[in-house]
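Using the sequences and the accompanying hints, generate a full structural model.
Chains as they are written, first to last, in our numbering: chain A, 1 to 626; chain B, 1 to 626.
If you are wondering where the hints come from, they were derived from the structure by calculation, not from laboratory data. Given the structure is predicted, the values throughout are model-derived calculations rather than measurements. Take the hints with a grain of salt, since some may be wrong.
Said to hold, decoys possible - Pairwise CB distance ranges, derived in the manner of DEER restraints:
id : chain 1 : residue 1 : chain 2 : residue 2 : range
1  : A       : 233       : B       : 614       : 27 to 35 Å
2  : A       : 228       : B       : 554       : 50 to 58 Å
3  : B       : 568       : A       : 228       : 39 to 47 Å
4  : B       : 212       : A       : 54        : 43 to 51 Å
5  : B       : 386       : A       : 228       : 41 to 49 Å
6  : A       : 597       : B       : 493       : 51 to 59 Å
Claimed, not checked - From the derived model, a few chain B residues whose C-beta atoms are all more than 10 Å from chain A:
id : residue
7  : 24
8  : 56
9  : 151
10 : 228
11 : 293
12 : 460
13 : 497
14 : 515
15 : 576
16 : 583
C-beta atoms are modelled at their ideal positions from N, C-alpha and C, and glycine is treated no differently.
Protein chains: 2
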Amino acid sequence: MKNPFSPLPLASVTIDDAFWALRLRVNRERTIPHILQQCRDTGRIDAFRLNWRPGAEPVPHIFWDSDVAKWIEAASYSITVDPDPDLKARLDEMVGLVASAQQPDGYLNTHFIAVEPENRWTNLRDCHELYCAGHLMEAAVAHFQAAGARTLLDPLCRYADYIGEVFGGRPGQKRGYPGHEEIELALVKLYRATGERRYLELCRFFIEERGRKPHYFDDEARVRGEDQRDFWAGTYAYMQAHRPVRGQAEPVGHAVRAMYLYAAMADLAGETGDRGLLDVCERLWERLCGRKMYITGGIGSARGIEGFAADYDLPNEAAYAETCAAIGLVFWGRRMLELTGDGRYADVVERALYNAVLGGVSLDGAKFFYDNPLASEGNHHRQPWFECACCPPNLARLLASLGRYVYRLRETDIAVDLYVQGSGKFTIEGRDVELSQETRYPWDGAVTVGFAMERPAAFGLLLRIPGWCRAARLSVNGESMDVAGAAQNGYVRIERAWNPEDRVRLDMDMPVERIRAHPDVRQDAGRVALQCGPLVYCLEGADHDVPLQRIRLPDAALLEARFADDLFGGTAVIEGEAISADLSEWGNKLYRTDSTAGTPCRMTAVPYYAWDNRRPGRMRVWIPAA
Amino acid sequence: MKNPFSPLPLASVTIDDAFWALRLRVNRERTIPHILQQCRDTGRIDAFRLNWRPGAEPVPHIFWDSDVAKWIEAASYSITVDPDPDLKARLDEMVGLVASAQQPDGYLNTHFIAVEPENRWTNLRDCHELYCAGHLMEAAVAHFQAAGARTLLDPLCRYADYIGEVFGGRPGQKRGYPGHEEIELALVKLYRATGERRYLELCRFFIEERGRKPHYFDDEARVRGEDQRDFWAGTYAYMQAHRPVRGQAEPVGHAVRAMYLYAAMADLAGETGDRGLLDVCERLWERLCGRKMYITGGIGSARGIEGFAADYDLPNEAAYAETCAAIGLVFWGRRMLELTGDGRYADVVERALYNAVLGGVSLDGAKFFYDNPLASEGNHHRQPWFECACCPPNLARLLASLGRYVYRLRETDIAVDLYVQGSGKFTIEGRDVELSQETRYPWDGAVTVGFAMERPAAFGLLLRIPGWCRAARLSVNGESMDVAGAAQNGYVRIERAWNPEDRVRLDMDMPVERIRAHPDVRQDAGRVALQCGPLVYCLEGADHDVPLQRIRLPDAALLEARFADDLFGGTAVIEGEAISADLSEWGNKLYRTDSTAGTPCRMTAVPYYAWDNRRPGRMRVWIPAA
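Have a look at this one:
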């Protein structure tokens with residue numbers, strides 16, 4: 001069960017399409033510099049100088065390090081794809097500064113070094129120490145892979161080694177684990193980058209120890225002189241530590257924490273061939289995607305805990321659906337896809353990427369959503385920054401590494417997981433091959449795949465048939481193939497000795513689809529959402545003279561997608577004739593016995609990810625059906 | 001424009017019907033004793049002994065006096081209707097205790113006397129001092145009318161006189177007014193009970209001074225050394241003090257405060273013949289009932305401020321709709337009805353009474369709702385008491401005084417505002433008359449009105465034709481009268497020389513009605529509510545095997561009301577055939593392109609006021625239409 005698929009390295013993938021290329025350029029040119037500037041302006045960079053003194057403002061916060069770490073990661077990916085001497089210089093400066101803050105024993109946390117050194121490791125439940133360590137490790141691995149230098153990797157290995165001395169099951173060690181998971185998946189990355197198995201073992205310790213009795217967070221609270229029953233969230237389910245992970249069947253608590261934990265569990269299952277742990281992941285996945293996921297791929301609907309509500313409880317206007325949680329879902333889903341090759345994971349990764357994740361950043365790259373509602377009265381807008389700024393750099397690092405999500409390689413096969421015009425280079429059966437995609441996806445369902453290589457090479461090409469696709473045609477060099485019959489787990493496999501003249505053409509019907517939610521989702525009763533390909537659409541006030549709440553969509557209304565060159569730099573919109581409630585008979589009444597007449601009105605839906613990029617106004621994903 | 005109508009005094013009205021009589025008995029036998037016990041158990045009674053010492057718990061709270069005051073008021077009304085020596089004894093004890101707490105200068109507030117005497121009148125914005133004074137005045141008037149004794153009235157007149165020295169427009173007086181309105185309407189009651197015009201003038205001062213610049217709450221905050229911009233609610237609209245009341249056109253802020261203010265404005269307009277102030281009341285009323293009122297008569301949908309949201313923003317599950325706010329709406333609406341004789345006020349009073357208000361108390365009389373949602377997932381339940389316990393005694397005093405809402409008298413007419421079996425005694429044109437109603441209302445729309453008197457008396461009988469009633473037949477001694485043509489402002493007037501043999505029969509059709517909300521109420525789009533007569537119905541989990549969220553009501557479904565003797569002591573239920581979503585095709589999917597098939601299912605709706613009196617479960621007022 002050893003992880004059979006690997007992504008193509010970032011440097012081997014090009015993206016040159018009508019959709020992502022622009023978004024990635026904005027991320028590179030605007031978002032990444034903007035985040036660095038915000039980190040500077042808010043004191044997050046200076047915190048690594050360790051010169052904070054009592055009484056000074058701002059006080060380095062317990063999770064600041066993670067923001068800088070994610071920026072380093074984003075910048076590392078960015079220079080991998082697009083070498084940029086300026087950005088490289090800033091990256092080197094940041095890496096040097098971070099490394100300079102390391103203590104002689106290996107410890108590295110600006111808050112606990114400068115502000116409360118006496119409290120190191122005294123509150124794993126609340127204080128994000130291991131979380132920040134994890135993000136720094138991820139940054140170190142990314143920087144190492146981008147720059148080839150160990151300037152950050154070595155310090156983080158020393159930090160990891162120190163953490164491995166403090167925590168573990170041996171006498172004298174703390175049997176603790178993070179209140180906010182993250183270090184677990186980072187340790188797997190560190191293991192893969194260094195080959196040092198002790199990092200994988202430390203990951204395993206953190207995962208397996210989680211939720212055991214006697215409960216570490218209880219003991220730790222007592223040592224601090226606190227009553228553990230005073231824990232604000234009331235239950236360790238908040239951080240998935242209410243029971244050992246192997247006994248967990250339902251995603252609970254803080255959604256970002258859950259995603260990072262489950263991603264690490266998938267990693268660990270793959271690295272160790274642990275079928276039982278993979279089963280737990282699959283069980284959690286089914287429950288999440290079958291009962292707790294917005295149509296956008298947003299997750300974690302409950303504001304109070306930034307996390308999971310009851311099954312099927314998916315409020316639209318009050319949705320929390322933190323951007324980081326959707327990003328975490330992409331992380332976890334991609335790992336599940338690499339482990340199993342099952343297209344249902346790719347479907348969710350795609351859904352989250354094109355909708356919930358991408359909506360997290362403005363088209364100009366400098367404003368961000370933290371929470372992502374599916375309906376708005378016009379008062380929810382992206383912000384340039386947040387006190388708790390986890391989302392912006394998380395978006396930046398994911399977008400900068402998007403190339404990793406397009407292809408998967410195993411000994412005998414190359415798989416295309418996302419349809420993105422561009423190319424991927426790989427070596428298979430001893431041959432160097434460059435696969436190219438030509439497509440206008442997601443604006444069009446036609447994809448042409450070709451290869452460049454010196455000599456013909458025999459291998460399997462796995463083409464994904466997305467879950468949203470109900471009819472597709474496939475041909476190899478003009479010769480039709482059966483799609484429905486050939487698809488297994490969401491992929492069609494074509495094996496042959498490929499040569500540069502070969503052309504595989506996949507043509508996916510991409511009609512406008514009306515989507516209904518499960519009848520137990522009370523918030524969506526009697527409503528439809530519009531989807532076209534992987535994109536979820538929404539109505540925005542800016543496109544309508546009629547207030548959105550009055551618009552109903554008849555089941556029979558013809559809906560058509562049209563490409564609007566002038567909108568958002570080019571986008572498809574969905575147009576059709578809807579019904580607008582007629583108020584003429586209402587007078588000043590608020591309740592009546594008669595049905596309200598309707599008058600026809602034009603309706604225009606735009607991709608959800610692009611909402612709130614024009615004048616403020618109402619927004620709706622779920623439209624009342626008429 | 002002097003107030004033309006007066007209610008019949010409580011002692012002149014009997015209620016002997018199939019609906020209210022039981023509720024009033026429960027209020028008398030269960031609720032009123034329960035509240036006194038809770039007041040005792042929580043220290044509210046002992047607070048009047050003024051023996052609190054620093055460090056002791058509980059600390060008398062700034063609004064505790066009002067709870068005891070409302071209990072005194074409820075008990076006073078109760079012994080008026082149903083003399084009860086035990087209750088009378090307890091009432092006398094409470095009255096004596098309250099009076100004993102009065103200070104030599106007339107001041108009377110347990111918190112500020114015992115806990116922070118140095119802060120008297122320093123924070124009118126937040127500290128409820130004038131609010132508590134108002135409730136004590138209302139209690140004093142009620143006790144005076146019930147017991148004929150001035151044991152509480154005289155102390156409260158002294159308190160009012162002292163307040164009249166402290167506050168006012170003369171040099172050396174504070175130009176302040178309450179942060180929580182209440183004393184304004186209490187002063188009108190005090191004026192009416194004593195004939196002392198200075199109380200009406202003090203009411204006028206508080207109302208007219210409200211919201212003027214420079215703002216009293218600004219000045220007062222500065223004196224306390226606070227920055228007025230730190231006011232937690234951000235705006236004085238929270239307490240309707242953002243501008244002078246005559247410039248207010250939209251109900252804003254905390255709903256209970258608004259109702260008490262508007263009720264006092266109506267009182268003042270009536271007493272002074274102030275047409276301009278009445279216009280303000282009418283404008284606020286139209287806006288409230290046309291855009292901000294739940295179908296139950298609940299108001300104040302926004303939890304954060306316990307008050308008004310934007311127009312048409314009426315969330316069901318998250319509704320706040322405080323019980324006290326619906327009670328306040330009854331207070332205000334009744335005053336508007338007495339001022340204008342317009343049935344649209346009676347319609348709202350009836351709607352609130354039978355639904356939002358009555359739902360505030362359990363059928364056993366010992367549990368209460370503070371907030372009254374129109375949908376629940378099964379986790380909202382009545383409580384025996386609250387830290388902030390305004391609602392239970394407010395319910396008790398309103399129910400105990402229900403007789404006042406049934407009839408109105410003016411020189412030439414007696415009006416029947418509520419159809420409640422029982423009688424009302426009055427003197428008209430020099431004759432003593434007893435009007436009797438025979439009816440099973442609200443279970444049936446047939447009402448027979450008759451009179452008992454020694455000699456025939458000539459006067460007008462005003463019979464209300466409720467707004468919910470679309471067809472009615474009227475006859476006098478078997479002779480038909482035209483209803484539609486004769487009704488003016490919601491009332492039919494029959495003038496004649498009445499004698500004891502006369503029988504007026506009003507027969508109102510009371511079919512099950514499907515109600516739709518205004519199209520701008522986004523939360524009710526595509527949904528219907530069920531109403532039968534004045535009662536709003538709801539679905540409860542207890543009556544259904546199918547989870548409520550799966551039930552849809554076809555427009556064509558036949559719905560019938562049936563009287564169920566065995567439910568809630570006898571109630572009508574609405575039954576019909578609905579559609580339950582069929583899950584067989586859903587598998588573990590959360591979203592699909594196909595519509596969900598439905599299977600027929602029985603549906604039973606019960607009156608909204610009675611929900612949450614059986615096993616916990618879901619509840620819905622607004623049902624998705626199919």
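Outcome of range test on Cβ distance (residue 597 (chain A), residue 493 (chain B); 51 to 59 Å) = violated, 36 Å
Check on residue 151 (chain B) being off the interface with chain A, judged by Cβ distance over 10 Å | holds, 46 Å
Hey, does residue 24 (chain B) actually stay past 10 Å from chain A on C-beta?
-> Holds: least Cβ distance 28 Å, greater than 10 Å.
Given the hint of 50 to 58 Å, check if residue 228 (chain A) and residue 554 (chain B) actually sit that far apart at their C-beta atoms.
-> This hint holds: roughly 53 Å between Cβ atoms.
Could you let me know if the closest chain A CB is still more than 10 Å away from the CB of residue 56 (chain B)?
-> For residue 56 (chain B), whose nearest Cβ neighbour in chain A is about 24 Å away, the distance exceeds 10 Å, so it holds.
Quick one: work out the minimum CB distance from residue 515 (chain B) to chain A and report holds if it exceeds 10 Å, violated otherwise.
-> violated, 5 Å
Mind checking the hinted window 43 to 51 Å against the Cβ distance between residue 212 (chain B) and residue 54 (chain A)?
-> With Cβ atoms ~47 Å apart, the hint holds.
Can the suggested window of 39 to 47 Å be confirmed for the beta-carbon pair residue 568 (chain B) and residue 228 (chain A)?
-> Between residue 568 (chain B) and residue 228 (chain A), where Cβ atoms are some 44 Å apart, the hint holds.
Is it the case that residue 497 (chain B) keeps its Cβ farther than 10 Å from each residue Cβ in chain A?
-> holds, 39 Å
So does residue 386 (chain B) sit 41 to 49 Å from residue 228 (chain A), Cβ to Cβ?
-> Violated, at about 29 Å.
Non-interface label on residue 293 (chain B), tested against every C-beta of chain A at 10 Å = violated, 6 Å
Is the Cβ of residue 228 (chain B) farther than 10 Å from every Cβ of chain A?
-> holds, 25 Å
The structure fails to meet hints 5, 6, 11, 14, 16 from the earlier list, while all remaining hints are met.
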